[in-house]
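Chemist: Note that the protein sequences, when read in sequence, are chains U and E.
Number 76 in our numbering belongs to position 76 of the first sequence; there are no gaps in the numbering.
Number 34 in our numbering belongs to position 34 of the second sequence; there are no gaps in the numbering.
Some clues are possibly wrong.
Only pairs whose alpha carbons sit at most 25 Å apart, straight line, appear in this in silico SDA-like list of lysine to any residue [unchecked claim]:
1) U:119 to E:62
2) E:41 to U:148
3) U:188 to U:199
4) U:27 to U:188
5) U:119 to E:6
6) E:41 to U:152
7) E:77 to U:195
8) U:120 to U:176
Think of the hints as simulated: they come from the structure by calculation, not from any bench.
Here's the letter readout for the chains.
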Amino acid sequence: MKNENRFMIISQNDKPKGFFYVFFHHKLGVCGLCGILLFILMAIFAPMLGDMPQGYGDFSSVQLAPSAEHFFGTDAMGLDVFLQVVWGARTSIRMGLMVVLYSILIGVPVGLIAGFFGKKTGEFLMGVTDLFLTLPMLPLMIMMAAILGPSIENVALVVGVLSWPRIARVTRAATLEAMGMQYIEAAKCLGIPTGVILGKHVFPYASSFILVETTMLMATAILAESGISFLGLGDPTVWSWGKILQGAQQNGIFFQAWWCSLFPSIFILLFVVSFNFFSLGIREGLNPRSREI
Amino acid sequence: MIPTVTITGFLMGTMIGGSLLTETIFAYPGIGRLIYEAVGKLDYPVLQGAFLTLAATVIVIGIIVDLLYAKLDPRIKLT
Numbered sequence: 001m002k003n004e005n006r007f008m009i010i011s012q013n014d015k016p017k018g019f020f021y022v023f024f025h026h027k028l029g030v031c032g033l034c035g036i037l038l039f040i041l042m043a044i045f046a047p048m049l050g051d052m053p054q055g056y057g058d059f060s061s062v063q064l065a066p067s068a069e070h071f072f073g074t075d076a077m078g079l080d081v082f083l084q085v086v087w088g089a090r091t092s093i094r095m096g097l098m099v100v101l102y103s104i105l106i107g108v109p110v111g112l113i114a115g116f117f118g119k120k121t122g123e124f125l126m127g128v129t130d131l132f133l134t135l136p137m138l139p140l141m142i143m144m145a146a147i148l149g150p151s152i153e154n155v156a157l158v159v160g161v162l163s164w165p166r167i168a169r170v171t172r173a174a175t176l177e178a179m180g181m182q183y184i185e186a187a188k189c190l191g192i193p194t195g196v197i198l199g200k201h202v203f204p205y206a207s208s209f210i211l212v213e214t215t216m217l218m219a220t221a222i223l224a225e226s227g228i229s230f231l232g233l234g235d236p237t238v239w240s241w242g243k244i245l246q247g248a249q250q251n252g253i254f255f256q257a258w259w260c261s262l263f264p265s266i267f268i269l270l271f272v273v274s275f276n277f278f279s280l281g282i283r284e285g286l287n288p289r290s291r292e293i
Numbered sequence: 001m002i003p004t005v006t007i008t009g010f011l012m013g014t015m016i017g018g019s020l021l022t023e024t025i026f027a028y029p030g031i032g033r034l035i036y037e038a039v040g041k042l043d044y045p046v047l048q049g050a051f052l053t054l055a056a057t058v059i060v061i062g063i064i065v066d067l068l069y070a071k072l073d074p075r076i077k078l079t
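Take the sequences, apply the hints, and build the full model.
Modeler: Encoded structure:
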């Protein structure tokens, strides 16, 4: 079929398919998008679902199993687990966005410069990137989080500073690809300043690859944040899914009161899976092969 | 085979990170739990030692991966 197409007369209607057309026909990608939208709505409308659980709850309702009143049951303090999970979504999304921002701020310039200036500068920068990539990440994050002090901004900073290498690698690969193209050569011959070439001509080419990597990074960031707050180094003033798990483990009710540990875990899983599916969909939509007529 | 070996080398860092959480949950006396407890007490010498060990492990694994390339693909020669 593909080979026959090659000999067909191309009519006006045979334009390549658009990004959105391919994306919305990719079932997993759409599932991921729906999941992400649900999480965002949940985070925005958290105050409407109920107040943030604080302090000590009702002592007559400690460790209640899930019921119509408490959808996900209550924890050892008598606080509603459903509300904790809902308010935890806020933390997770805020945290993920901050991590992405930090790693783009570091990773994209490093990748662009490493790709553009090849030779020594590039090799040095990629050496640093590889160093960060091979380091055992979680122990380092835990140590930095412990030293900087527990707050959501610090945790985001730590995770962001340690997860930019993936963005840098992708950006560099795209930059090297773009460097071989003639319009970059033309721009160089015209004497356009390097910064303008990088920003106006190379970056737009790389941006689609960066977007895919960014959505994957959101998922990793949430996992890292859950790990850090599970170990008790997260922000004690806000709810996050890792913190609910930590509370369940500290009170020794990890297995007896299964609702305290099961529901936050399921939400972490769903969040990570939706972002991964979403990035699969974007990748499919940006792939020129899947956009062929 | 070569990409598989490369990724396996990279995964070692993640594996050690993951073992930290497992060791904490199941109270298994490993280097991960040592780091966790040292962080709790801000015991820097122990942290330094643990990180030196981890870094050395990762580097040794990197070298092993490089040596494996030559074994797996005869076209690659060690110089």
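Chemist: Does each hint fit the structure? Answer for all of them.
Modeler: The hints, checked one at a time:
Of the supplied pair hints, the one linking residue 119 of chain U and residue 62 of chain E holds, its CA atoms being roughly 23 Å apart against a limit of 25 Å. Between the alpha carbons of residue 41 of chain E and residue 148 of chain U the distance comes to roughly 14 Å, so the proposed pair stays at or under 25 Å and holds. With a CA separation close to 13 Å, the supplied pair residue 188 of chain U and residue 199 of chain U stays within the 25 Å bound. A C-alpha spacing of about 42 Å is found between residue 27 of chain U and residue 188 of chain U, which places the hinted pair above 25 Å, so the restraint is violated.
With a C-alpha separation of about 23 Å, the suggested pairing of residue 119 of chain U with residue 6 of chain E holds against the 25 Å cut-off. For the proposed pair residue 41 of chain E and residue 152 of chain U, the alpha carbon gap of about 21 Å is at most 25 Å, so the pair holds. Only pairs whose Cα atoms come within 25 Å are accepted, and residue 77 of chain E paired with residue 195 of chain U is rejected, the gap being roughly 40 Å. With a C-alpha separation of about 15 Å, the suggested pairing of residue 120 of chain U with residue 176 of chain U holds against the 25 Å cut-off.
Figure legend: structure checked against the earlier numbered hints; hints not met, in rising order: 4, 7.
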